[in-house]
Amino acid sequence: MTREGWIRLLVVALFIAALEAACRGGLIPRTVLIAPSAMADSLWHLLRSGEYAADIISTLRNVVAASVLSVVLGFALGVGLHALPRLRRAVEPLLASYYAIPTFMFYPVFIVVFGVSPRAIIAIAVLLSIVAMIAGTLTGLDRIPPVLRKTAQILRMSAPTRALLIDLPAAAPHLFTGIKLAFAYAFIGVIASEFILSGSGIGYAIAYAYNNFENRKMYGLMLLVIVLATAANTVLDLIDRRLQARLQR
Amino acid sequence: MTDPSRPDAVHARLRGVTRSFDLASGTKLDALGPVDLDLHRGEFFAVVGPSGCGKSTLLDCLAGLARPTQGDISFEGRPVDGVPEGIGVVFQEDASFAWLSVRDNVAFGLRRAGVDAAEIARRVDYAIGFMGLREFAHAHPAQLSGGMRQRVCIARTLVLQPRLILLDEPFGALDQQTRLLMGDELLRLWRETKATVLLITHALDEAAMLSDRVGVMSARPGTFIDIVETQWARERDSRVVSDPRFGGITARLWEKLRAESLKIMGASAP
Amino acid sequence: MKRIGDFILLVLGIVIAWQALHAWTGDGALTSPFATAQKLGALVGTAEFWNNAEATARAFVFAVLISLLGGIGLGVILGLNRTSSIVSEPILIALYSLPKVTLYPLVLLCFGLGISAKVAFGSMHGLIPVTIFTMKAIMQIKPVYWRTAHVLRLTPSQMALTVALPAVLPEVLSGARLGFSLSLLGVLIGEMFASQRGLGFLIMNAMGLGDIATIMAVAVFLTVFAVAANALLLLLDRTVIR
Numbered sequence: 017m018t019r020e021g022w023i024r025l026l027v028v029a030l031f032i033a034a035l036e037a038a039c040r041g042g043l044i045p046r047t048v049l050i051a052p053s054a055m056a057d058s059l060w061h062l063l064r065s066g067e068y069a070a071d072i073i074s075t076l077r078n079v080v081a082a083s084v085l086s087v088v089l090g091f092a093l094g095v096g097l098h099a100l101p102r103l104r105r106a107v108e109p110l111l112a113s114y115y116a117i118p119t120f121m122f123y124p125v126f127i128v129v130f131g132v133s134p135r136a137i138i139a140i141a142v143l144l145s146i147v148a149m150i151a152g153t154l155t156g157l158d159r160i161p162p163v164l165r166k167t168a169q170i171l172r173m174s175a176p177t178r179a180l181l182i183d184l185p186a187a188a189p190h191l192f193t194g195i196k197l198a199f200a201y202a203f204i205g206v207i208a209s210e211f212i213l214s215g216s217g218i219g220y221a222i223a224y225a226y227n228n229f230e231n232r233k234m235y236g237l238m239l240l241v242i243v244l245a246t247a248a249n250t251v252l253d254l255i256d257r258r259l260q261a262r263l264q265r
Numbered sequence: 036m037t038d039p040s041r042p043d044a045v046h047a048r049l050r051g052v053t054r055s056f057d058l059a060s061g062t063k064l065d066a067l068g069p070v071d072l073d074l075h076r077g078e079f080f081a082v083v084g085p086s087g088c089g090k091s092t093l094l095d096c097l098a099g100l101a102r103p104t105q106g107d108i109s110f111e112g113r114p115v116d117g118v119p120e121g122i123g124v125v126f127q128e129d130a131s132f133a134w135l136s137v138r139d140n141v142a143f144g145l146r147r148a149g150v151d152a153a154e155i156a157r158r159v160d161y162a163i164g165f166m167g168l169r170e171f172a173h174a175h176p177a178q179l180s181g182g183m184r185q186r187v188c189i190a191r192t193l194v195l196q197p198r199l200i201l202l203d204e205p206f207g208a209l210d211q212q213t214r215l216l217m218g219d220e221l222l223r224l225w226r227e228t229k230a231t232v233l234l235i236t237h238a239l240d241e242a243a244m245l246s247d248r249v250g251v252m253s254a255r256p257g258t259f260i261d262i263v264e265t266q267w268a269r270e271r272d273s274r275v276v277s278d279p280r281f282g283g284i285t286a287r288l289w290e291k292l293r294a295e296s297l298k299i300m301g302a303s304a305p
Numbered sequence: 581m582k583r584i585g586d587f588i589l590l591v592l593g594i595v596i597a598w599q600a601l602h603a604w605t606g607d608g609a610l611t612s613p614f615a616t617a618q619k620l621g622a623l624v625g626t627a628e629f630w631n632n633a634e635a636t637a638r639a640f641v642f643a644v645l646i647s648l649l650g651g652i653g654l655g656v657i658l659g660l661n662r663t664s665s666i667v668s669e670p671i672l673i674a675l676y677s678l679p680k681v682t683l684y685p686l687v688l689l690c691f692g693l694g695i696s697a698k699v700a701f702g703s704m705h706g707l708i709p710v711t712i713f714t715m716k717a718i719m720q721i722k723p724v725y726w727r728t729a730h731v732l733r734l735t736p737s738q739m740a741l742t743v744a745l746p747a748v749l750p751e752v753l754s755g756a757r758l759g760f761s762l763s764l765l766g767v768l769i770g771e772m773f774a775s776q777r778g779l780g781f782l783i784m785n786a787m788g789l790g791d792i793a794t795i796m797a798v799a800v801f802l803t804v805f806a807v808a809a810n811a812l813l814l815l816l817d818r819t820v821i822r
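Going line by line, the protein sequences match chains A, B and C. The first sequence runs 17 to 265 under the working numbering. The second sequence runs 36 to 305 under the working numbering. The third sequence runs 581 to 822 under the working numbering.
Hints listed in this document are in silico derivations from the structure and should not be mistaken for laboratory results. There's no promise every hint is true.
Unchecked claim - One side only, chain C facing chain B, incomplete, derived with CB under 8 Å:
#1 F629
#2 R662
#3 I721
#4 K722
#5 V724
#6 T728
#7 H730
#8 V731
#9 R733
#10 L734
#11 Q738
#12 T742
#13 P746
Only a predicted model underlies this, so the values are computations on that prediction, with no experimental measurement involved. Using N, Cα and C, we set each Cβ at its ideal position, and we do this for glycine too.
Could you put together the complete structure from these sequences and hints?
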C-alpha cells in the first residue's frame with residue numbers, strides 16, 4: 017500500500033477512535049449516537065439473528081434490478097443517441113443539466129401509480145441513474161480514436177466484428193465509468209426510497225427503528241449500509257481505475 | 036564578456052551540489068551532481084546536456100526552488116535558502132496567468148511585492164514596450180501565440196529587475212525562426228539589464244551564439260564535463276553564426292555531447 | 581437562434597411524451613400536462629403553497645451558503661497540500677457515493693426537528709461535491725504556476741488568493757452548480773422524511789391524500805425552478821470565464 021494509503025487508514029482509524037472515546041466518555045449522549053464498537057456489535061448480532069435477512073435481500077434485489085435496467089437501457093439509449101446526432105444535440109442540454117432536476121420528487125408519483133412496492137422503488141432508482149449510463153456510453157463511443165476505425169477498415173472488418181472487437185474494448189473504460197456511477201446512484205435511490213416510504217428493505221428498517229426509538233438496531237443497520245455502499249463502490253472504482261489506466265498513453 | 040568593471044566577481048557559486056530522489060520502489064535516483072560552478076557577475080552562461088541529465092534540477096537548486104541533497108549554493112555571497120531576492124526565472128512551460136490581461140500579468144509580481152502604483156505603472160510600461168507587447172497590453176494569453184506568451188513571462192520577470200535571470204529552455208516550444216529572433220531579444224535584455232543570465236537549452240547553436248561560456252553536462256547524474264568560452268563581443272546578435280569560429284565552437288560542444296547522448300541510448304561512441 | 585429552436589422542440593417533445601404517457605396510464609396515474617399546469621396555477625394562488633415554499637427556501641439558502649463557503653474552504657485547504665489531497669480524495673468520494681439519507685436519523689437526533697436539521701441535510705449533500713471539485717481543481721493547477729509563485733516569493737495567503745483561486749474558478753463554479761442542486765435535493769428529501777412544513781412535506785401530504793395533481797404540480801414547479809437556476813448559473817459561469 018502506498019504511503020498515502022497508510023495515512024488514509026490512520027486518519028479513518030483515528031476518527032473512529034475519537035468517536036469511540038467521545039461516546040464512551042459521555043461527550044456524546046447515547047440517545048444521539050452509540051459508540052462505533054456498539055454499532056459493530058449490533059450489526060454482528062442482527063446479521064447472525066437473521067432478523068433483517070428478508071429486508072437485506074429485498075434491498076439487494078432492488079439495487080441489482082435497478083442497476084441492470086439502468087445499464088442496459090442507458091446503453092441502448094446511448095447507442096441510439098450516438099447514431100442520431102440531430103436528436104442527440106437536441107437532448108444534450110437535458111442530459112447535461114439532469115443532475116439539477118430533483119428527480120426524487122417524482123417518487124410519490126410512482127407510489128401512487130405502482131403502490132408501495134419494489135416496482136416504484138426500482139422505477140425511481142432507474143430514473144436517477146440512467147443518465148449516468150447514457151453519458152458514459154456517449155463519451156465512450158465519442159472517444160474511440162478515429163485511427164482505430166481506420167485500422168478496422170484496412171483490415172476489412174465487417175461492422176459487427178468491428179463493433180465487438182474494436183469499438184467495445186476501446187469504449188470499455190468510459191462505459192464502465194457509466195456502470196460504476198449508475199450503480200452508485202441506483203443504490204442511493206433504492207435506499208432513499210425505502211427510507212422515505214416503503215414496506216421493506218434496509219432503508220425502511222432504519223426508518224422504522226428510528227421511529228420506534230430502537231437506536232441500537234438503527235445504528236447497526238446504518239453501519240450495514242455504510243459498509244455495503246463503501247465496499248461495492250470501492251471495488252467498482254478499482255476496476256474503473258484499472259480500465260482508465262489503459263487510456264493513458 | 037563578463038562585466039568589465041568586475042571581471043572576476045562571482046555572482047553565484049555551486050560547490051559539490053548533488054540532488055537525489057527516493058523513488059516509490061525504494062531505490063534512489065541520482066538526478067544531478069556533483070556540480071561545481073562559478074557564475075561570473077554579468078555573464079551569459081548556457082547549459083547544454085543530454086535529456087535527463089539534470090539541467091532543470093540544477094536550475095531549481097540555484098533558484099532556491101529545491102534543496103540540494105549535498106553541497107553548497109551561494110548567491111551574492113549568501114547561502115541560498117528558499118528563493119533569494121534578486122532572482123528571476125523563466126520556465127519552459129507557459130506560466131502566464133490565463134485569467135489576467137498581459138498588463139496585469141506583467142504587473143503581478145510588483146503588486147504582490149507592495150510596490151507603489153506609480154512605480155508599477157512606470158516599470159510595466161517599460162517592460163511591455165521593451166518586449167514589443169504594447170499592442171497586446173489588454174489581450175489575454177489565450178489570444179496570443181506561444182512566442183508572445185513567453186514574452187509576457189519574460190516581461191513579468193523583467194519588471195522585478197532581477198540581478199540573476201535563469202531560463203529553462205524558454206524557447207523549447209517555438210519554431211526555429213522564432214527561436215532565433217527571441218535569442219536576439221534575450222541578448223538585448225541581457226545588455227539592457229546588465230543581469231547575469233543562465234540559459235538552459237538543448238539547442239547547441241543557440242547556446243553557442245548567445246553565451247559567453249557554455250557548460251556541457253554529462254549524462255545523468257549530470258556534472259560539467261566541459262566549459263567552452265566563446266569570447267564573443269558583448270554587442271552581439273544571432274548573426275554571429277557567420278563568424279568563422281562559430282562552427283568550431285558548435286563542433287566542440289557536439290563532440291562532447293554526442294558521446295554523452297549515446298550513453299543514454301545504450302551505445303558507445305566509436 | 582438554432583439552439584433556442586432546439587430547446588423549444590425539446591420542451592415540446594417532453595410535453596408530448598408526457599401527454600402520451602398520461603393517455604396510456606390513465607388519469608389515476610399521471611395527470612396530463614394541462615391538468616398539472618392548471619393545478620399549479622391554482623396552488624400558486626394559495627397562501628399555503630407560498631408558506632411552504634418559504635420554509636423550503638429559507639433552509640435552502642442557508643444550506644447553499646454552508647455548502648459553498650465550507651466546500652470551497654475545505655477544498656482549498658485539502659487541495660493545497662499534495663499529501664492531504666491524495667489522502668482525502670477517496671474518502672470524499674466514498675462519502676459522496678454514500679446514501680446520505682441513512683444518516684438523517686443521526687441529524688435529527690442532533691438537531692431536533694426544526695430548520696437546523698433541514699439546513700444540515702442540505703449541507704450534507706452539497707458540501708461534498710463542492711469540496712471534491714475545488715480540491716481536484718487545485719490539484720490540477722499547472723505546476724508551473726506554483727513554481728512561478730515561489731519564484732515571485734509570494735506568501736501562502738497570496739498564493740491562495742491571487743494564483744490558486746483564479747486558476748480554479750471554472751472548476752469551482754462547476755462544483756458550485758452541482759452543490760446548489762444537491763443542497764436543494766437534500767433539503768427537500770429531509771422535508772419528505774420529517775417535517776411539517778416545506779414543499780417536500782407538501783408532496784408527501786398530497787401523496788397521503790392520493791392527490792396526484794398536487795404532487796405533479798409541485799414536482800414540476802421544483803424542476804422548472806432548479807433547471808432555470810442551473811441555467812442562470814451556467815450563464816454566470818460563461819461570463820466569468822474568458
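>> Can you verify the interface hint for Q738 (chain C): is its Cβ closer than 8 Å to any Cβ in chain B?
In response: 5 Å, holds
>> Hint H730 (chain C) vs chain B: min CB-CB distance below 8 Å?
In response: 6 Å, holds
> Would the stated hint for R662 (chain C) survive a check requiring a Cβ distance to chain B of less than 8 Å?
Replying inline: Violated. Min distance 14 Å.
>> Restraint: F629 (chain C) near chain B, CB-CB cut 8 Å. Satisfied or not?
In response: Because about 43 Å separates F629 (chain C) from the closest Cβ in chain B, which is outside the 8 Å limit, the hint is violated.
>> Using the nearest Cβ pair, does R733 (chain C) come within less than 8 Å of chain B?
In response: 5 Å, holds
>> Given a cut of 8 Å on the nearest C-beta pair, is the interface hint for T742 (chain C) held or broken against chain B?
In response: 7 Å, holds
>> Just to be careful: measuring from the Cβ of V724 (chain C) to every Cβ in chain B, is the smallest value less than 8 Å?
In response: 4 Å, holds
> Does the nearest C-beta of chain B fall within a distance shorter than 8 Å of the C-beta of I721 (chain C)?
Replying inline: Nearest chain B Cβ about 11 Å off; hint violated.
> Would the stated hint for P746 (chain C) survive a check requiring a Cβ distance to chain B of less than 8 Å?
Replying inline: 4 Å, holds
> Going by Cβ atoms only, is K722 (chain C) closer than 8 Å to chain B?
Replying inline: 7 Å, holds
>> Can you verify the interface hint for V731 (chain C): is its Cβ closer than 8 Å to any Cβ in chain B?
In response: This interface hint holds because 4 Å falls under the 8 Å limit.
> Does T728 (chain C) pass the interface hint, meaning its C-beta sits closer than 8 Å to a C-beta of chain B?
Replying inline: Hint on T728 (chain C): holds, closest Cβ of chain B at ~5 Å, below 8 Å.
The structure does not agree with the numbered hints 1, 2 and 3 stated previously, though it agrees with the rest.
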